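For the record, the sequence lines run as chains S and Z. Residue 8 in the working numbering is what sits at position 8 of the first sequence, and the numbering runs on without skipping anything. Quick note: to get the working numbering, add 1000 to the position in the second sequence (first position is 1).
Watch out, some of these pointers could steer you wrong.
[Said to hold, decoys possible] In silico DSS-like cross-links for lysine-lysine, where the CA-CA straight-line distance does not exceed 25 angstroms: (1) K1160/Z with K1147/Z; (2) K8/S with K20/S; (3) K1162/Z with K1129/Z; (4) K20/S with K1002/Z; (5) K1129/Z with K20/S; (6) K1129/Z with K1147/Z; (7) K1002/Z with K24/S; (8) K3/S with K1162/Z; (9) K24/S with K1072/Z; (10) K1129/Z with K8/S; (11) K24/S with K1129/Z; (12) K1089/Z with K1072/Z; (13) K8/S with K1147/Z.
Calculated directly from the structure, the hints in this document are not laboratory data. Quick caveat, the model's predicted, so the values are computed rather than measured.
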Amino acid sequence: MSKQEMRKRLAALSFSEKVKILEKLRDRSVALAASGLRQKSAEGTREKAEAGKGSKG
Amino acid sequence: MKATLEAINRMQADGVIGEYAIGGAVGATLYLEPAATLDVDIFVTLPTAPGSLLLSLAPLYDYLKSRGGTVKDEHIVIGGWPVQFLPPKNELEREAVAESVPATVEGVTTWVMSAEHLVAIALCTGRSKDHIRILQFIEQDAVDRGKLQGILERHGLTPKWKRFERKYLEGTDE
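Taking the hints into account, I'd like the entire structure generated from these sequences.
This is the structure in structure tokens:
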């Protein structure tokens, strides 16, 4: 199924079904935030950038 | 979300709030595919206290806190969802509440802004994520272009819309 078809299919769901998906998405975001994964990922990116600067400079 | 909406409907039945409408990302979900969001934006009309012209959210917060709601920054958590109550700040938002459409979540009736009002408000707000949402409405043919045109004209948003069209829909800016 193409991305476009998938989006259409999701948009055609009932509001109740879509709200259930929203709740799952929210729970996932909250779990990610609680695990510190996002922060770690951001720190990792920053460290890589710093390292990159050092090697070039 | 069911518990959240039931609490809001009860609050309305008890006269703490007047009309309300879901806006923002949750409102857009009625028309588009679901997109991750952490809170619910509820645009709400508030009754004014006798002899006062000031609108206050305090009675609403007191009501919900006495029924188990917990305040977290600018939100109040009801039924697991952080909810932000927003009194309409202009005529466009007042109209969006007045012309909201009924919807049902797990058997609970609620009110959601029309697709065209959501687009007009997103245009007004104008952040990157609002522009992305407008494009989703257009791409998915989820707006009545005639109705949107009327709203934009009524609220003086036509020049802003033209700029948006030039930048995002025609691929040129200015």
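So if I understand the rule, the pair passes when the alpha-carbon distance is 25 angstroms or less; does K20/S with K1002/Z pass?
10 angstroms, holds
Please verify whether K1129/Z and K1147/Z have alpha carbons no more than 25 angstroms apart.
Judged against 25 angstroms, a Cα distance of about 23 angstroms means the pair holds.
Decide if the proposed pair is consistent with the structure: K24/S and K1072/Z, CA atoms, cutoff 25 angstroms inclusive.
21 angstroms, holds
Decide if the proposed pair is consistent with the structure: K1129/Z and K8/S, CA atoms, cutoff 25 angstroms inclusive.
20 angstroms, holds
Between K3/S and K1162/Z, does the CA-CA distance stay at or below 25 angstroms?
Judged against 25 angstroms, a Cα distance of about 29 angstroms means the pair is violated.
If you draw a straight line from the CA of K1129/Z to the CA of K20/S, is it 25 angstroms or shorter?
Status holds; Cα separation ~22 angstroms.
Does the structure keep K1002/Z and K24/S at a Cα separation of 25 angstroms or less?
14 angstroms, holds
Given the hint that K1160/Z pairs with K1147/Z, does the C-alpha gap stay at or below 25 angstroms?
The given pair, whose Cα atoms are some 17 angstroms apart, holds under the 25 angstroms limit.
What's the verdict on K8/S and K20/S, does the C-alpha distance respect the 25 angstroms limit or exceed it?
17 angstroms, holds
Under the criterion that the straight-line Cα-Cα distance not exceed 25 angstroms, is the pair K8/S, K1147/Z satisfied?
22 angstroms, holds
Holds or violated: K24/S to K1129/Z, with C-alpha atoms at most 25 angstroms apart
The hint holds at about 20 angstroms.
Is it true that the CA of K1089/Z sits at most 25 angstroms from the CA of K1072/Z?
22 angstroms, holds
Going down the numbered hints, you'll see the structure goes against just number 8.
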